[in-house]
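*Asks:* Chain by chain, the residues:
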Amino acid sequence: MTEKDEMIVLSGLTRRYGNKTAVDHLNLKVKKGEVFGLLGPNGAGKTTTILMLLGLTEPDEGYAMIDGINCTRNAMEVKKITGYLPDNVGFYPDMTGRENLRFTGRLNGLNEKEIDPKIDELLERVGMTQAADQKAGTYSRGMKQRLGIADILMKDPRVIIMDEPTLGLDPEGMKEFLHLIRQLAEEDGRTILVSSHQLYQIQQICDRVGIFVQGRMIACGTIPELGTALVRENHYALELETQPLDDRLLGFLSGIGGVKNIRREGARLIIESDKDLREQVMSYLYENHYVPTHFRQKGGDLDEIYSSYFEHEEEEAHRHDTAKRGHGRREK
Amino acid sequence: MTQQSVGTAGVKNNVNESVSGSWKRARRNGLGALYRKEMADHIKGRRFLIILLLVAVTTAAGIYGAATGMKDALEADSHFVFLKLYTTGGSSVPSYVSFMALIGPFVGLMLGFDAINSERSNGTLGRLLAQPIYRDNVIIGKFLAGTVLIAILTTASSILTGAAGFLTTGLLPSGEELARVFVYIICTILYICFWLSVAIMFSVFCRHAATSALASIALWVIFAVFVSLLAGFFAGVIYPVETDYQKAVNALANYNCQLYINRMSPYYLYTEAVSSILNPAIRSVNAVTVSQLVGAISGYLPFTQSLMLVWPHLFGLASLTMLAFLISYVKFMRQEIR
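Quick note, the sequences are listed as chains A and B, same order. Quick note: the first sequence uses my numbering, first residue 1, plus one each step. Quick note: the second sequence uses my numbering, first residue 1, plus one each step.
Accuracy of the hints is not assured; some may be wrong.
Claimed, not checked - Cut-off 27 Å, straight-line C-alpha distance, at most; resulting in silico cross-link-like pairs (DSSO-like, lysine-lysine):
1) Lys247(B) x Lys144(A)
2) Lys260(A) x Lys298(A)
3) Lys113(A) x Lys80(A)
4) Lys175(A) x Lys144(A)
5) Lys275(A) x Lys298(A)
6) Lys44(B) x Lys113(A)
7) Lys29(A) x Lys80(A)
8) Lys135(A) x Lys113(A)
9) Lys118(A) x Lys144(A)
10) Lys118(A) x Lys44(B)
11) Lys44(B) x Lys135(A)
12) Lys118(A) x Lys175(A)
13) Lys144(A) x Lys80(A)
14) Lys32(A) x Lys175(A)
15) Lys80(A) x Lys331(B)
16) Lys260(A) x Lys275(A)
17) Lys118(A) x Lys80(A)
18) Lys44(B) x Lys20(A)
Please keep in mind that the hints were generated in silico from the structure rather than gathered at the bench. Computed from a predicted structure; not experimentally measured.
Next comes chain A alone, as it looks inside the complex (with noise of 0.2 Å):
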């Protein structure tokens, strides 16, 4: 990855807020192009963030930039090539849509004679030619979430920042929403990051993802990395389904070195091990005629990761509190 690649840099930042530390020394690079997502909890620290990249709160130490540019010293020109979609984005609700856009549109300076075009083009592409003419006091939160979308591409960013945008739509909004955003980034080629604490919905369109819990970025890398990395440094658990599930192959399970606990969940069997059981287990299985009728290695989707982590770091955080405060540990 070379320096032009890195659209935003997040070096060391760090925000408190009295005695709570909202944003703990954070480092994050997200190269051109890419979609990234900003996982964890309410109150995790997410929306400060994305607020310092905008420069609209100051960090106490560390620095942001996108493109090169210091998002609290040149907040300006950061918010010309940043688009930002808030959570529970609103609108002015006596001015309709089209009305909107064209204050952003003056907003940004952009010529009288383009903007109307620039609308139109807009608006179709995020389906809400329909409604345009409407007050945006009667859009529904879908609609919001697409003119905010509209809103955002007023200006050609080439950043986009959204902070919880899958809340509160339908299904079926959400998938026509999560298209959108994955062709912003793959045929515009915008650079966008998303923060939200519905991992299913990210896990679909993300490039990479972030945990962040109490303002520390746990982990950081691909879904796929992610979850060797939970593998590895955790445990290893592995579900089983057999027929029969009788008291020989129990025995066997246990009789394995590395085994530590094994529980039933219904007719499931969890097998908790510090080492990878498959090719052993799959071999007896095999060798003593018992069929396999579910048989997976846990830890590979995010929402596994995701508690894992979460439940790991709150642990590890309470440990840490009571001996003593202090950071480097979130690189692992």
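Let chain A serve as the given structure and place chain B on it in line with the hints.
*Replies:* Here is chain B on its own, set in the frame of chain A:
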């Protein structure tokens, strides 16, 4: 590649700046767009109809008051008839000036009480501030649009009153009378702008529009009603005038003390200023002793002298307006966007 495009944009901006005037610069920083939007918002909104109605009723009542009271007023003193249109009230209807002093603040409050907090509750503030505009232009644009509307409304209403009197009496206003009315209009604009900036200040501090509206109305009631009551009370405590002896010693001090406390209220400041400017017979706004009046020739103050009399009032009103705006400005600039 990106560096290059940034570079050319910078050059283009520079060329624009040197060619165009301040308006273009204002447009680039969003002040022009914000002002336009606020103006359109005000004028298209339903609230504006209420304001128009309020001003229309005030004007009509003022004209009616002048029409009914004019005869008696002219019998007492037939100079400066045109100005009497503004200051004369009927037996049951107050004058135009006192109507404006009471109703005017509402115009300011209605234009400003939800300026900032409605942006917050609509979720538009974050979106707005993510645009390449300076944050202060948001609040300046709102204040500017409100001020211009107030100026238009006040001027229209005053001219309407004058025109009605002009039509009914057939008297032509003299140049001095016009000048006095002009100063009156300036005073009124300043006074209503003070309430606009108070309303905007509360809209910055309060999260809900209802709270800020109530807070500004409460402040208005305090200034219009309670300050004069408190002034009497405190003056009585500091300079008691219970006994004859106390009356002899403290009368003047008591009166002055009351006056100074009263003048902290913009309502009093405004009424004192406009009644002095519209009534040339008023020679002093402070207490005058009998000894000071010995040898004085009864007559009217020239325009410039009246202006001297109300100059501090004008200045005070302007400073109060600036102060309220400054507080809201600083608070707004330092506020978190959430």
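*Asks:* All the hints need checking, so say for each whether the structure fits it.
*Replies:* Verification of the hints:
For the proposed pair Lys247(B) and Lys144(A), the alpha carbon gap of about 71 Å is over 27 Å, so the pair is violated. In summary, the hint linking Lys260(A) to Lys298(A) is supported, as the alpha carbons are separated by about 15 Å, within the 27 Å threshold. The hinted pair formed by Lys113(A) and Lys80(A) meets the criterion: a straight-line CA distance of about 19 Å does not exceed 27 Å. For the proposed pair Lys175(A) and Lys144(A), the alpha carbon gap of about 15 Å is at most 27 Å, so the pair holds.
This hinted pair checks out: Lys275(A) and Lys298(A) have alpha carbons roughly 13 Å apart, not beyond 27 Å. Our distance criterion of 27 Å between C-alpha atoms is met by Lys44(B) and Lys113(A), whose separation comes to about 24 Å. At roughly 20 Å between alpha-carbon atoms, Lys29(A) and Lys80(A) fall within 27 Å of each other, so this suggested pair holds. Distance hint between Lys135(A) and Lys113(A) is fulfilled; the C-alpha atoms sit about 23 Å from each other, no more than 27 Å.
Taking the CA atoms of Lys118(A) and Lys144(A), the gap is near 18 Å; set against the 27 Å cutoff, the hint holds. Pair hint Lys118(A) plus Lys44(B) holds up; C-alpha atoms about 25 Å apart against a cutoff of 27 Å. The suggested pairing of Lys44(B) with Lys135(A) holds, with an alpha-carbon distance near 13 Å, which does not exceed 27 Å. For the suggested pair Lys118(A) and Lys175(A), the alpha carbons sit about 25 Å apart, so the restraint of at most 27 Å is met.
As the CA atoms of Lys144(A) and Lys80(A) are separated by approximately 22 Å, the hinted pair is consistent with the 27 Å bound. Annotation: proposed proximity of Lys32(A) to Lys175(A) holds, straight-line Cα distance about 24 Å (limit 27 Å). The hinted pair formed by Lys80(A) and Lys331(B) meets the criterion: a straight-line CA distance of about 25 Å does not exceed 27 Å. Pair hint Lys260(A) plus Lys275(A) holds up; C-alpha atoms about 10 Å apart against a cutoff of 27 Å.
For the hint linking Lys118(A) to Lys80(A), the alpha-carbon distance of about 17 Å falls within 27 Å, and the restraint holds. Distance restraint check for Lys44(B) and Lys20(A): the Cα-Cα separation of roughly 45 Å exceeds the 27 Å cut-off, and the hinted pair is therefore not satisfied.
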